[in-house]
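These are the residues of each chain, in order.
2 protein chains.
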Amino acid sequence: MQSLYPSILLQHAIDEFAKLPGIGSKTALRLVLHLLKQDDQTVETFADAIRKLKKEVKYCKVCHNISDTETCRICSNPRRDASIICVVENIRDVMAIEDTLQFTGLYHVLGGVISPMDGIGPSDLQIASLVERVKTGNIREVILALSTTMEGETTNFYIYRQLEKLNTKISTIAKGVAVGDELIYTDELTLGRSIVNRVPFTGK
Amino acid sequence: MQSLYPSILLQHAIDEFAKLPGIGSKTALRLVLHLLKQDDQTVETFADAIRKLKKEVKYCKVCHNISDTETCRICSNPRRDASIICVVENIRDVMAIEDTLQFTGLYHVLGGVISPMDGIGPSDLQIASLVERVKTGNIREVILALSTTMEGETTNFYIYRQLEKLNTKISTIAKGVAVGDELIYTDELTLGRSIVNRVPFTGK
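Here the protein sequences line up with chains C and P, keeping their order. If you're matching positions, the first sequence starts at 0 in numbering that gives the first Met the number 0 and goes up one per residue. If you're matching positions, the second sequence starts at 0 in numbering that gives the first Met the number 0 and goes up one per residue.
Errors might be hidden in some of the hints.
For chains that are exact copies, the list does not tell them apart, and a pair is met inside one copy or across any two.
[Unchecked claim] Capping the alpha-carbon separation at 20 Å, the derived lysine to aspartate or glutamate pairs in EDC-like fashion look like this: (1) 36 <-> 47; (2) 25 <-> 14; (3) 60 <-> 88; (4) 54 <-> 43; (5) 134 <-> 80.
By construction, these hints were calculated from the structure, which means they are not laboratory data.
Produce the complete structure using the sequences and hints provided.
Set out below in structure tokens:
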């Protein structure tokens, strides 16, 4: 079959872009043609940044977050509270929580959640290393901050079972009505949960 | 200022992706993290496809479409009608028109439209080579198939002025109500134009 595109090189580049999540062949074409219009140096820089990231990136040996150093900036920051660990799915969650400026402890990046459908079991995730951290470190509290999906809840439960004998407080993020949301647009599961888990009104 | 991201390498890769049109920093992050999860070979192939395209791509010496050969597949196809040239802005338009299966002539890719705001004048486009093609070839008709924007219309007019003495039929694509559209949702300029440019009803 003849290629859809006027050039095999173009086709290859489009195919590669179209493998990225959320990028269809039309968007891929647009992106590739944009790159083609840039000068050689720009394109070289683009290709190099990706290649270099893949080759040279490190993962923090404590929390498994992406890092340029053996121990990441957060884990090696003496002003962070090393006795609280927030367990998250991936590095995007670390960034999202960091953006809130509400958390001063350390993280533990699991690398995903337990999902039998996708063939991801506990041993594919950084769960053993979390248990080890809690066993050997002086950890006051573990906050489970996983997605509030079935897989997230399953993973929460699995981790809870591993940690419950270790005499460490285990908490999970509050679920409820989003700040700024109108009640009428909140799904009933969330609304129900927000009533059951109501908190004392402090006037703040 | 400290980087927003936990790694400078990650930051660089995200910055590069975020330079692409329609890709914000959140999408860039998602794409980069996706690549990071793939194996080395996949990432290498991705980076290589882009670099290779940029280095080795050719442009057809007749119509300036992207090509793997000196003369592109369309221009070198003996079954295409070489006496009709369809003038388009870029290679995406060539592909879009090819997809319709309604055109059997050749193309001429301008590489853009005249846009003083963006500093693009006639000499930045493949207009002189179009005039040369019409002068030296045996061209029966030139179809102007540019965007129906102010810039497209300006470019149409400029090309028309260059070609009008050359005794070649010059036409432009029909503007009107899109096939399958309801009149009530058609903007009034388009609807007005579709009435002025009405065509005989042939029962087909």
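(message) For residue 134 and residue 80, with the copy left unspecified, which applies at a CA distance of at most 20 Å: within, between, both, or neither?
(response) For residue 134 and residue 80, the Cα distance is within 20 Å only inside one copy (17 Å; across copies 78 Å).
(request) Measure nothing new, just compare the shortest in-copy and cross-copy C-alpha distances for residue 36 and residue 47 to 20 Å and report within, between, both or neither. (result) Cα proximity of residue 36 and residue 47: in one copy and across copies (18 Å, 17 Å).
(request) Give the relationship of residue 54 and residue 43 under a CA distance limit of 20 Å: within one copy only, between copies only, both, or neither. (result) both (16 Å within a copy, 10 Å between copies)
(message) Cα distance capped at 20 Å. Does residue 25 pair with residue 14 within a copy, between copies, both, or neither?
(response) within (11 Å within a copy, 22 Å between copies)
(request) Pop the pair residue 60 and residue 88 into one bin, within, between, both or neither, using alpha-carbon distances up to 20 Å. (result) within (16 Å within a copy, 53 Å between copies)
Hint compliance for this structure: no hint is broken.
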